[in-house]
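Here the protein sequences come in this chain order: A and B. Residues are numbered in our numbering as their position in the first sequence, beginning at 1, plus a constant of 58. Residues are numbered in our numbering as their position in the second sequence, beginning at 1, plus a constant of 58.
Accuracy of the hints is not assured; some may be wrong.
[To be verified] Listed below are the simulated DSSO-like cross-link pairs for lysine-lysine, each with C-alpha atoms no more than 27 Å apart in a straight line: (1) LYS216(A) - LYS117(A); (2) LYS71(B) - LYS287(A); (3) LYS297(B) - LYS161(A); (4) LYS71(A) - LYS209(A); (5) LYS170(A) - LYS170(B); (6) LYS209(B) - LYS170(B); (7) LYS297(A) - LYS117(B); (8) LYS287(B) - LYS71(A); (9) LYS287(A) - LYS170(B); (10) LYS170(A) - LYS287(B); (11) LYS216(A) - LYS71(A); (12) LYS216(B) - LYS117(B).
[Claimed, not checked] So the derived label-pair ranges between C-beta atoms look like this: (13) GLY231(B) - THR159(A): 49 to 55 Å; (14) ALA462(B) - VAL354(A): 28 to 34 Å; (15) LYS209(A) - GLU276(B): 26 to 32 Å; (16) LEU270(A) - LEU300(B): 53 to 59 Å; (17) THR159(A) - LYS345(B): 44 to 50 Å; (18) ARG369(A) - GLN244(B): 39 to 45 Å; (19) ARG314(B) - ARG314(A): 56 to 62 Å; (20) LEU359(A) - ALA421(B): 48 to 54 Å; (21) ASP60(A) - ASP344(B): 38 to 44 Å; (22) GLU242(A) - ALA343(B): 37 to 43 Å; (23) GLY355(A) - GLU67(B): 18 to 24 Å; (24) ALA421(B) - LYS209(A): 48 to 54 Å.
For the record, the hints were derived by calculation from the structure and aren't laboratory data. The C-beta atom is built at its ideal place from N, Cα and C for all residues, glycine as well.
There are 2 protein chains.
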Amino acid sequence: MDIHELIQEMGRKARAAAAVLRRMTTAEKNAALAAMADALEADSDAIYAANAEDVAAAKAAGLSPAMVDRLTLTPARFESMTDGVRHVAGLPDPVGEVVWTRKRPSGIEIRKVREPFGVVAVVFESRPNVFVDTAALCLKTGNAIILRGGKEAVRSNKALAESVRRGLVSACGEAASDAVQFVEVQDHAAVAELVRATGLVDVAIPRGGERLIRAMCEAALIPVLKHYKGVCHVYVDDKADLAMALSILDNAKVQRPSACNAAECLLVHEALAPMFLPMVRAWAADKGVALHDDGVGVEYLSLDLNVATVRDYRAAIDFINANSSHHSDCIVTNDAGRAAEFLRDVDSACVYHNASTRFTDGAEFGMGAEIGISTDKLHARGPMGLEELTTYKYVVTGDGTLRA
Amino acid sequence: MDIHELIQEMGRKARAAAAVLRRMTTAEKNAALAAMADALEADSDAIYAANAEDVAAAKAAGLSPAMVDRLTLTPARFESMTDGVRHVAGLPDPVGEVVWTRKRPSGIEIRKVREPFGVVAVVFESRPNVFVDTAALCLKTGNAIILRGGKEAVRSNKALAESVRRGLVSACGEAASDAVQFVEVQDHAAVAELVRATGLVDVAIPRGGERLIRAMCEAALIPVLKHYKGVCHVYVDDKADLAMALSILDNAKVQRPSACNAAECLLVHEALAPMFLPMVRAWAADKGVALHDDGVGVEYLSLDLNVATVRDYRAAIDFINANSSHHSDCIVTNDAGRAAEFLRDVDSACVYHNASTRFTDGAEFGMGAEIGISTDKLHARGPMGLEELTTYKYVVTGDGTLRA
Numbered sequence: 059m060d061i062h063e064l065i066q067e068m069g070r071k072a073r074a075a076a077a078v079l080r081r082m083t084t085a086e087k088n089a090a091l092a093a094m095a096d097a098l099e100a101d102s103d104a105i106y107a108a109n110a111e112d113v114a115a116a117k118a119a120g121l122s123p124a125m126v127d128r129l130t131l132t133p134a135r136f137e138s139m140t141d142g143v144r145h146v147a148g149l150p151d152p153v154g155e156v157v158w159t160r161k162r163p164s165g166i167e168i169r170k171v172r173e174p175f176g177v178v179a180v181v182f183e184s185r186p187n188v189f190v191d192t193a194a195l196c197l198k199t200g201n202a203i204i205l206r207g208g209k210e211a212v213r214s215n216k217a218l219a220e221s222v223r224r225g226l227v228s229a230c231g232e233a234a235s236d237a238v239q240f241v242e243v244q245d246h247a248a249v250a251e252l253v254r255a256t257g258l259v260d261v262a263i264p265r266g267g268e269r270l271i272r273a274m275c276e277a278a279l280i281p282v283l284k285h286y287k288g289v290c291h292v293y294v295d296d297k298a299d300l301a302m303a304l305s306i307l308d309n310a311k312v313q314r315p316s317a318c319n320a321a322e323c324l325l326v327h328e329a330l331a332p333m334f335l336p337m338v339r340a341w342a343a344d345k346g347v348a349l350h351d352d353g354v355g356v357e358y359l360s361l362d363l364n365v366a367t368v369r370d371y372r373a374a375i376d377f378i379n380a381n382s383s384h385h386s387d388c389i390v391t392n393d394a395g396r397a398a399e400f401l402r403d404v405d406s407a408c409v410y411h412n413a414s415t416r417f418t419d420g421a422e423f424g425m426g427a428e429i430g431i432s433t434d435k436l437h438a439r440g441p442m443g444l445e446e447l448t449t450y451k452y453v454v455t456g457d458g459t460l461r462a
Numbered sequence: 059m060d061i062h063e064l065i066q067e068m069g070r071k072a073r074a075a076a077a078v079l080r081r082m083t084t085a086e087k088n089a090a091l092a093a094m095a096d097a098l099e100a101d102s103d104a105i106y107a108a109n110a111e112d113v114a115a116a117k118a119a120g121l122s123p124a125m126v127d128r129l130t131l132t133p134a135r136f137e138s139m140t141d142g143v144r145h146v147a148g149l150p151d152p153v154g155e156v157v158w159t160r161k162r163p164s165g166i167e168i169r170k171v172r173e174p175f176g177v178v179a180v181v182f183e184s185r186p187n188v189f190v191d192t193a194a195l196c197l198k199t200g201n202a203i204i205l206r207g208g209k210e211a212v213r214s215n216k217a218l219a220e221s222v223r224r225g226l227v228s229a230c231g232e233a234a235s236d237a238v239q240f241v242e243v244q245d246h247a248a249v250a251e252l253v254r255a256t257g258l259v260d261v262a263i264p265r266g267g268e269r270l271i272r273a274m275c276e277a278a279l280i281p282v283l284k285h286y287k288g289v290c291h292v293y294v295d296d297k298a299d300l301a302m303a304l305s306i307l308d309n310a311k312v313q314r315p316s317a318c319n320a321a322e323c324l325l326v327h328e329a330l331a332p333m334f335l336p337m338v339r340a341w342a343a344d345k346g347v348a349l350h351d352d353g354v355g356v357e358y359l360s361l362d363l364n365v366a367t368v369r370d371y372r373a374a375i376d377f378i379n380a381n382s383s384h385h386s387d388c389i390v391t392n393d394a395g396r397a398a399e400f401l402r403d404v405d406s407a408c409v410y411h412n413a414s415t416r417f418t419d420g421a422e423f424g425m426g427a428e429i430g431i432s433t434d435k436l437h438a439r440g441p442m443g444l445e446e447l448t449t450y451k452y453v454v455t456g457d458g459t460l461r462a
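With the hints as extra help, turn the sequences into a complete structure.
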């Protein structure tokens, strides 16, 4: 079978499975998730064995220690994976939620109701736990999912896929067996076929680096929900509390530098610079942070920080709108008017006043779980939870009601 | 200037204008809309003259009478255009609306707030009133707009663009003058450049036929909000009231056959067919409707109707999911359980029980105005009003709050 026909056939099977998921109650979906977690635990030996083969092959191929680490399933990671599935089972189900109801003068009654998309394609890179995390979120929202992982994790993903399918079938029968499908074939054309499968796949979600996302967008005919890089800014105004500013900067930069919501650039009001920059230099020396002045727009993901001075808070807004990745940006000030302007005019998914950018996260925002952080403006922006994995439909009822 | 640079430059100007619009209050935006309507009325002689040139050229080029008619600005159409602008000024402004507020255990407070996209590109075909309608909707929602119209209407659109700009500048000053821009150059590459202007244009909305939409999606790197065809179904169940079924069919098919929400296919429960189909044939003869049995999936937009019998309501659901354009589909039945299943399982933007599909419309749904009807599932589905022309951002406030 050629790649085109293979992906089309997977799409058709996914659509049929989506029709089954659509009819399942919340309790039935939760039972399926529980069965999925149980199956993963029961199959852990086979999954570890497959993962060990991937890890051995990765080492033999000379992959970097960081890559090998990301690929490795430890008992702690395995447990957090199955815990995650059970956690998702316990979250509220957005499907069927009535967003609003309207009775119109014409006599019709309209309900706007949350619905599954239908079929979601997720393309991810090395970490095998993404397979299980995203499958659980999609199942909970009644979406069939087609997953395509990195070459180096193919044995692990295949073992996870077989286990998940076994769990699903034990809870829901054969009809749901195609609700989670894995693209085993490693041809790059498979990704292009997935994002061009209009009518079969409703949305694609890349879980990987910028190059993957750009390649998918270039090929795509279906919507792609994108999570580009996080180039986050902290602007310290001349009306800031300097101790607060330094503690926010420290939290935003140092607590977890590899996170997309970590700060990459400090902007300082020029009147404040003579007093504040020495404090910053002392802090940086203490925490091992390297300061730069040539890293505009750079996502370091490390203990590096770009520093620039700006004329005032309006210049900070302009700087951020020109150079930020529109993910999370912060103002530290005690001036309420300046804060309000900053929060209104900075065109980013999450804007902060006197709080660390590190809060941009599904759990911290009270969403329960997260499939990613969207830097898009359409459909979803910022952290995406279960609700963001749904669309809606209008349900209209009448009594033989006609349009005048 | 080459086309690429021309569109990039328009995008940069639009983004600067969007920053101005973002800071305008609702009252200021409404004043701009009023000034826009006033300017159009003051400039009506020039606009009619430009339109007369377009119409003469279209006739000389041998365009069909229907095309010439769509192109022609009559006094009634002109008035409905300026009335439309004033109507939009009177509608509630979604920008700034707080969707929800959350106080989190960490101490942060989160507000989810509606925001303009920033820059919208609209590509439309012959009717010049689309220029003014879409510009008004975008201005109201704080979005700068770049419009590209059909070749045959270029003089009309240019006159409208000049008048709209004059109105805008009179109300808001030069800073807002690029809030509504018109792509005058007729090279087809301009459309591709618009939908590839990532970082400058946030979303593209085609207002035209399927070929235009497909070409835009094929080229696009930015999201495209699509309004494909409307292949709408009416299913008449064996538990239907036949008089009600016939009146819904009549309204859905005959009231305005050229509308996308008109019915194109009647499905009849097979047990009902011997009794109901003779009634349908008599109605069709009376109303001049031609019945077909080979038009599955066809959008007639005329007094033509495809008719098929199905085994039962589940077969009707399957038929619709396989052949509908997922726009608007209806069940006529007195069985509440069957209706509930149909409304849940039919995967269309609008699903109807005992009401005409003709209600799928922004005004009928209480949205006040409509920029189109989305057959997409992401971001917007079904009628799109002002709210659907917005995104949101998360506004997070703290008091030096750090992530633990």
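Against the 27 Å threshold, does the CA-CA distance of LYS297(A) and LYS117(B) hold or violate the hint?
67 Å, violated
Given the hint that LYS170(A) pairs with LYS170(B), test it: the Cα-Cα distance must not exceed 27 Å.
20 Å, holds
Pair hint outcome, LYS216(A) versus LYS117(A) [Cα-Cα no greater than 27 Å]:
OK: LYS216(A) and LYS117(A) at ~20 Å, within 27 Å.
Cβ distance range 48 to 54 Å for LEU359(A) and ALA421(B), holds or violated
Cβ of LEU359(A) to Cβ of ALA421(B): about 50 Å, so the range 48 to 54 Å holds.
Is the gap between the beta carbons of ASP60(A) and ASP344(B) within 38 to 44 Å?
Hint violated: Cβ distance 53 Å, outside 38 to 44 Å.
CB-CB spacing for GLU276(B) and LYS209(A) relative to the 26 to 32 Å hint
29 Å Cβ-Cβ, so the 26 to 32 Å window holds.
Checking one constraint from the list: CA of LYS170(A) to CA of LYS287(B), max 27 Å. Satisfied?
Status holds; Cα separation ~22 Å.
Consistency of beta-carbon spacing, THR159(A) to GLY231(B), with hint 49 to 55 Å
43 Å, violated
Supplied distance hint 48 to 54 Å, evaluated on CB atoms of ALA421(B) and LYS209(A):
53 Å, holds
Satisfaction of hint between LYS117(B) and LYS216(B), Cα-Cα up to 27 Å:
Given pair LYS216(B), LYS117(B) holds - Cα atoms ~19 Å apart, limit 27 Å.
I want to verify a distance hint. Is the separation of the beta carbons of ALA462(B) and VAL354(A) within 28 to 34 Å?
31 Å, holds
Within a Cα-Cα threshold of 27 Å, do LYS71(A) and LYS209(A) meet the stated pairing?
OK: LYS71(A) and LYS209(A) at ~24 Å, within 27 Å.
The structure is inconsistent with the numbered hints 6, 7, 13, 17, 21, 22, although it conforms to all the rest.
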